[in-house]
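**Student:** Below are the chains, spelled out letter by letter.
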Amino acid sequence: MSELRLRVSGSADLTPTVRRFALTDPRGAALPAYEPGAHVVITTPAGHKRSYSLVEPGGARPREYVVCVRRDPGGRGGSASMHDDVAVGTELPVSAPVNRFPLHPSPKYLFIAGGIGITPVRAMVRRLRAQGRSGVRVLYLTRSAGDTPFLREFGGSDDTVHHSDEHGLFDLWPHLAEPDDDVRVYCCGPAPLMQAVRTLTAHWRASRIHMEPFAADHTSISAPFKAVWAPDGREVDVPAHLSLLDALRRDGIPVESSCEAGVCGTCRLALLSGEVEHHDSVLTEDERLTSVVACVSRAVSPEVVVGPRDHLRKDLS
Amino acid sequence: MRTAGVVRELFRYPVKGLSAQPLDQAVLEPGGGIPHDRTFAFARPDGGYRPGTRKGLSKQEFFALVSDHRLSGLDTSFDVETDVLVTRVAGHEVLEADLGTEEGIATALRFFARVLDLPAGVLPVLAREPGRRFTDASVAGDDSMNWVSVVNLASVRDLEARTGAAVDPKRFRANVLVDGLPAWSELDMIGEEFDLGGVRVRAVHQTKRCAATEVGPGAGRRDLPVVTLLNRTYGHQLMGIYVEVLTAGTVEKGAEVVV
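Top line first, the protein sequences correspond to chains B and S.
Oh and the first sequence: position 26 is 26 in my numbering, straight run, nothing missing.
Oh and the second sequence: position 153 is 470 in my numbering, straight run, nothing missing.
Excised from the complex, chain B in its bound form:
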């Protein structure tokens, strides 16, 4: 991941606990492109590496990256360092943007944001509404009006802003009871909200439900990638919610399997190109150079080329 060194060109308190930081190139150059849903990893002055969603819609040549950081008194110090140690003029190491929460085309959208989870959602909603899109509904759940960054931006007829201090827990069910294949649901917020949305969308298509991945359970982080099936060159999209094994099978490529938990090695494939994050407990380090266990391991490069085990390169295996 390439790293930038950016200067804080502006900062402002949006609420008593949320501060906005604008980051620009010290020489005024345009920054690497990004799309809504992207995040950057900032190294705080105290040395923490923290992921922050970019709150502006972005584009091809953004002039600045804007993040909003909520001070978390119970956290491990990353947000405190951003609040206490960063001022206008501070230079910070910042990664190039990465997008694990991309905005997919859809006839309609339902955004569900809890607290500081509004940050990627705001970028998406601003992008869509700037295009004049209708059918972009927002549920924005916070504790109180004073705790609500960007409150004034969500006062439209398609927006519901709910403050739990005044009105108690929000009932999501009326918004999710009827599954609609024409709606994509994007959710970002604290773990209990994400769990509630996951539970209440059990009868929806999984492909319509999008959860901000780094806020989610870390064991379930997965990004989409493309697999090329070496015997016939077929390109198979592996979405975040399917394993490589399931995606290949869905495309009619027969791969034998047994445990599907990365233990038995039955679904081992030849890895001919691309980088893989191995999650199995069966391959040796040497074998991992040329093999991938399809039920659990995923690509970290955008594309991998895989084939049946008999495609294993003899000079390497």
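Computed footprint of chain B on chain S, listed as stretches where at least three residues anywhere in the stretch have a Cβ under 8 Å from a Cβ of chain B:
id, region
1, 375–384
2, 400–411
3, 424–432
4, 548–554
Worth flagging that the hints you see were computed from the coordinates, not collected in a lab.
This one's a predicted model, so the numbers in the text were calculated from it and none came from an experiment.
No residue lacks a Cβ here, since even glycine has one placed at the ideal position from N, Cα and C.
Place chain S on chain B using the hints.
**Tutor:** Showing chain S alone in chain B's frame:
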């Protein structure tokens, strides 16, 4: 040596991959299984199942938890008297379908096509074959199709104690949960006969576990690497056994298990 345990819980799973249904008792026949256990399944439309298929098929031919963990997020109940399948999400009813009618089947298939996220126009196939059940063991033959699955709660507790993980025994989707026996003693019983709540049974097979056990009951996702935990802790992937029913009788919750 005579060891006494107890039948702690009884379950059937009328539809493969869907919710467990607790039972107070199960009426068993020699060579038979738990009544109404896995007598329905949703088959893959491009797979090996066709209506009238009279041989056991691999679990990969069906939609099941190992491949489709979201199914566990649905709370389903199937009334074996009326054939009505009711499905709830967080207590809210989202499907009521009479699987005894064409219309009800069509409604259920459309519902599960969405849950399973099948491409537009593709529906699963409702598999139901009189006298057959879609158990994982059915692939080995018609005798094994009726095997009753038994999990020893002491073994599950041993796994918990050694790994520090909370392991809900319902992950293993057994028909019978027994307690009071030494941990892992069931794996040494293969070939032996014993008394399961008044019914004579023979332990016939150790149960090798797959990733279906990683799916949390009710969770709708894989949330604990059970197969990996077993493998790292014991060097095997076993939990529970299958038994073959030898005599007729009624097993009740709370009945004694004599080994």
